[in-house]
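Chains as they are written, first to last, in this note's numbering: chain A, 44 to 490; chain B, 128 to 206; chain C, 27 to 378.
Simulated from the structure, these hints should not be mistaken for laboratory data.
Do not rely on the hints blindly, as some may be mistaken.
Listed below are several chain B residues computed to face chain C (Cβ distance under 8 Å; list not exhaustive) [as the list claims (entries may be wrong)]: (1) F141; (2) F143; (3) S150; (4) A184.
Residues from chain B that keep clear of chain C, each with C-beta distances beyond 12 Å, as calculated [said to hold, decoys possible]: (5) I142; (6) R163; (7) A164; (8) A170; (9) I173; (10) F202.
For every residue, glycine included, the Cβ atom is placed at its ideal position computed from N, Cα and C.
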Amino acid sequence: MKQPYERPTIRKLNAGALNKFGPRAGARPVTALDGVRVDELVAQFGSPLFVLSERQLRRSYQAAMRAFGTRYPQVQLAWSYKTNYLNAVCRTFHQEGAWAEVVSGMELEKALLNGVPGPHILFNGPGKRRADLLRACEVDAVIHLDHADELHLLLDVAAGRARCPRVALRVNLDAGIVPQWDRFGFNLENGEAWQALARIVASGRLELVGLHCHIGTYILQPAAYATAAAKLAALALRCQRELNTTIHYLDLGGGFPSTNTLKGAYLPALDTVPSLDEYAEAITGALLTAGFRAGELPLLVLEAGRALVDDAGSLIGTVLANKRLADGRRATILDFGVNLLFTSFWYDHHLSPTREFSNQTEPTVLYGPLCMNIDMLRESIALPLLAPGDQVVVHKVGAYNMSQWQQFINLRPNVVLIDQASQVHLIRAAETLEYLQQLEQVPIHLM
Amino acid sequence: MKLKKNIATSEAGFIFNPATGDSFAANPLAADILARAKAGLDAAAIKADILERYDVAPGQLEKDWDDLLAQLREFNLLD
Amino acid sequence: MPPAASRPRLTVAVTGLNATDSPGPGVAVIRALRETTDFELRVIGLSYEALEPGIYLRDMVDKTYQLPYPTAGTAALLERLRYVQEQENVAVLIPNFDAELYNFIKLEPQLRALGIHTFLPTLEQLEARDKLNLAAFGAAHGLSVPTSRPLYSAAELPTAAETLGWPLVLKGRYYDATVVYTPVQAGQAFQRLSGLWGVPLIAQQFVAGQEINIAGLGDGHGRALSVVPMRKLTITDKGKAWAGITLEDEALLALARRFAEVTKWRGGFELEIMRTAADELVIMEINPRFPAWVYLTAAAGQNQPAALLRLALGLPVPMMEGYAVGKMFVRYAWDLITDHTEFQQVAALGEL
Numbered sequence: 044m045k046q047p048y049e050r051p052t053i054r055k056l057n058a059g060a061l062n063k064f065g066p067r068a069g070a071r072p073v074t075a076l077d078g079v080r081v082d083e084l085v086a087q088f089g090s091p092l093f094v095l096s097e098r099q100l101r102r103s104y105q106a107a108m109r110a111f112g113t114r115y116p117q118v119q120l121a122w123s124y125k126t127n128y129l130n131a132v133c134r135t136f137h138q139e140g141a142w143a144e145v146v147s148g149m150e151l152e153k154a155l156l157n158g159v160p161g162p163h164i165l166f167n168g169p170g171k172r173r174a175d176l177l178r179a180c181e182v183d184a185v186i187h188l189d190h191a192d193e194l195h196l197l198l199d200v201a202a203g204r205a206r207c208p209r210v211a212l213r214v215n216l217d218a219g220i221v222p223q224w225d226r227f228g229f230n231l232e233n234g235e236a237w238q239a240l241a242r243i244v245a246s247g248r249l250e251l252v253g254l255h256c257h258i259g260t261y262i263l264q265p266a267a268y269a270t271a272a273a274k275l276a277a278l279a280l281r282c283q284r285e286l287n288t289t290i291h292y293l294d295l296g297g298g299f300p301s302t303n304t305l306k307g308a309y310l311p312a313l314d315t316v317p318s319l320d321e322y323a324e325a326i327t328g329a330l331l332t333a334g335f336r337a338g339e340l341p342l343l344v345l346e347a348g349r350a351l352v353d354d355a356g357s358l359i360g361t362v363l364a365n366k367r368l369a370d371g372r373r374a375t376i377l378d379f380g381v382n383l384l385f386t387s388f389w390y391d392h393h394l395s396p397t398r399e400f401s402n403q404t405e406p407t408v409l410y411g412p413l414c415m416n417i418d419m420l421r422e423s424i425a426l427p428l429l430a431p432g433d434q435v436v437v438h439k440v441g442a443y444n445m446s447q448w449q450q451f452i453n454l455r456p457n458v459v460l461i462d463q464a465s466q467v468h469l470i471r472a473a474e475t476l477e478y479l480q481q482l483e484q485v486p487i488h489l490m
Numbered sequence: 128m129k130l131k132k133n134i135a136t137s138e139a140g141f142i143f144n145p146a147t148g149d150s151f152a153a154n155p156l157a158a159d160i161l162a163r164a165k166a167g168l169d170a171a172a173i174k175a176d177i178l179e180r181y182d183v184a185p186g187q188l189e190k191d192w193d194d195l196l197a198q199l200r201e202f203n204l205l206d
Numbered sequence: 027m028p029p030a031a032s033r034p035r036l037t038v039a040v041t042g043l044n045a046t047d048s049p050g051p052g053v054a055v056i057r058a059l060r061e062t063t064d065f066e067l068r069v070i071g072l073s074y075e076a077l078e079p080g081i082y083l084r085d086m087v088d089k090t091y092q093l094p095y096p097t098a099g100t101a102a103l104l105e106r107l108r109y110v111q112e113q114e115n116v117a118v119l120i121p122n123f124d125a126e127l128y129n130f131i132k133l134e135p136q137l138r139a140l141g142i143h144t145f146l147p148t149l150e151q152l153e154a155r156d157k158l159n160l161a162a163f164g165a166a167h168g169l170s171v172p173t174s175r176p177l178y179s180a181a182e183l184p185t186a187a188e189t190l191g192w193p194l195v196l197k198g199r200y201y202d203a204t205v206v207y208t209p210v211q212a213g214q215a216f217q218r219l220s221g222l223w224g225v226p227l228i229a230q231q232f233v234a235g236q237e238i239n240i241a242g243l244g245d246g247h248g249r250a251l252s253v254v255p256m257r258k259l260t261i262t263d264k265g266k267a268w269a270g271i272t273l274e275d276e277a278l279l280a281l282a283r284r285f286a287e288v289t290k291w292r293g294g295f296e297l298e299i300m301r302t303a304a305d306e307l308v309i310m311e312i313n314p315r316f317p318a319w320v321y322l323t324a325a326a327g328q329n330q331p332a333a334l335l336r337l338a339l340g341l342p343v344p345m346m347e348g349y350a351v352g353k354m355f356v357r358y359a360w361d362l363i364t365d366h367t368e369f370q371q372v373a374a375l376g377e378l
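All chains, full assembly: derive it from the sequences and hints.
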């Protein structure tokens, strides 16, 4: 029996820090996802491969409902489609009871096809066209108004209709977050939001049902949500008092962080990101003390995306090659890059080997397979001595990657869902050249 | 592979270059190779021995051998 | 002092062995601990880098283990400390870096489960005294602090200067500060500091006066068990005291006691004070740990690290009254001699 081989390597000793695993421990291997072996997944579905855990999707949803539902009488989650609009993911959340939050005509149709009733679709976004508004009216989705031009366009669309379209007003406000997100919605502090609300009610053509704000993304301060909730609640009470209009729901948006560590953060997110309970406490605490009469508390809507799906996604990939750069640094080329892992632009993703290694590590630059200089996943990560053909797993990639991925240089790979019984289902097949070219047309003179 | 004469290697895999003051740590296989090289074995003999004892394909070993030489050159440890 | 043999043995671990020109307090803490009459101590050093001088001070530090950087997070730190604990049976751990405190405070229950005691401020206390929150902290507790405001962009500089006046102190998020006298200087300093430490920067009203530091120990119930004020006599170009002298001034003691009372501070602390020409005491900064000059407290008769050791073990510590006034420290640089083999041990194996 021969000894296991690991390539010979030498490192210069310097005064600097230890690698993150300490001197005597390597990265722990991840050999299975939800009970299914990584090597079997790769053998059957190829590499790279996105893997979604149905168990984790449901667990995250239920945890969010528990965090808010145990503190406030009426809570509704609206699944943020753009975060991951694979139908299997959307339908898992709808099965759990989520409404849909969509930001384009395309997403609206997707939600309808997924069986979401129109009144349970919240239509956000700054770029709705006339046709989108018409369609939203037709299916009775709630239109979240973003700006005055849209309000007037909708008034126009509504003019000939028997039923008043239902609308909510997106409000931007100062919640102490810098930079303040003021590009979406009507500003609260300068009176623009109030002016719009008054116009909506006065028009008699729209039914005002909700108020919405979304203070930003990856917000680490629960207190900012408390501020936003208090301001939105005060606005709702003013609508009641001065416009004689009851606001049925307050939509506090999303923006809750996942436990992925942002590039440049000093401490890892696992240690610093507040729990969903802290956000729930801040938001519901503000609403419960805002001055609504007993029994008249509005429905609390949350448009969680990242917090529901990020943890449920993994990306399996394979080492294509190792090389040494001109300055002596080790570089490893993987079969996925920024084309599939869009979020590597802002996260330092956690990555695990899939087999045991010795405790030797090497600082490594991680590159993707694209022939583009931007295709770098990590500038420096301490990795065991991976060899070509070794697999790695990138954790917590469920949010945004499967909607912002690019068909660039390479085709997009298979996506599978592991159900709660550890059965594996293909939920999006790997793209083919035929798929890529089916919409192309070549002029006759080029044939 | 010819290590500089005054390079000191220890059993624990430490390498010290007295000319520059730099210290290095070798993993077990690299330490083994350096010890054999210092003992006067030539590259072919060392490689044959590794192929004998370790679970590695000749092509892979050749590639990693070149990489080890590149590291030794980079660290200024070769003659 | 009872003979060493009759004292119980105890193992203590201490971080902050970087006794460099901008020193960590670890070596001073160890020196003070070594004067305890309560225990026969074995001292474990915990270092982050292989050339922290304390590692090579073999008569002060019995054995050193390297720790993963704070940025690696609590899981990596706990794993490493678990390993250390298997070798050493550490009873008390005294962290000494601002940047590592968050992790150690978070791990307090897990460390206790391993048998490692600490005596640290709470996360809320740590957060409240953060540079960014100092103004609110002062207002909440009626303590005098410089007026300040966060700056997220250079465009906010004119407004800041209008409210705070010239000159202006600009501080980096974590470290570094500079005094600027003109809008041009302010703009340049903003670029430099935000480039190094990110935003927000802190713009602070300039306070002129005499620099005084106070080392203290809070019992977590509102009492300052020891307070020793010191005036800096010489400072390095990094603003660190290179010589200092203990002072007698009831107002300084009262301020530190009031700080401990309103915050219920738990553990060591340092108040950086400015005494203005009008004799007002302004708190410029609050450090959530002992200062690097803490050995002076022991030399003056109030051994704060030794007292903290007792507090961590749940032993009673009486209120310390009286200390030698006019006791001075003069810091010096000393070239330790070691060998490349020792360096190799630390750098490659993380232990010496």
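*Once the closest CB in chain C is found, is it more than 12 Å from I173(B)?*
holds, 23 Å
_Per-residue hint verdict: S150(B), partner chain C, C-beta under 8 Å_ = holds, 5 Å
_A closest beta-carbon separation below 8 Å is what the hint needs, so does F143(B) meet it against chain C?_
Holds: closest Cβ of chain C sits about 6 Å from F143(B), inside 8 Å.
_Beyond 12 Å on every Cβ pair: is that true for A170(B) relative to chain C?_
Non-interface label on A170(B) holds, nearest chain C Cβ at 26 Å vs cutoff 12 Å.
*asked:* Just want to verify: F202(B) was marked as not at the interface with chain C; is every Cβ pair farther apart than 12 Å?
replied: holds, 15 Å
_Interface hint compliance - F141(B) to chain C, C-beta minimum distance less than 8 Å_ = holds, 5 Å
*Status of R163(B), Cβ more than 12 Å from any chain C Cβ*: R163(B) clear of chain C: closest Cβ-Cβ about 21 Å, beyond 12 Å.
*12 Å cut-off, C-beta based - I142(B) kept clear of every residue in chain C*: violated, 9 Å
*Just checking, A164(B) versus chain C, shortest CB gap more than 12 Å?*
holds, 20 Å
_Supplied contact hint for A184(B), tested at 8 Å Cβ to chain C_ = violated, 30 Å
Going through the hint list in order, the structure does not satisfy hints 4 and 5.
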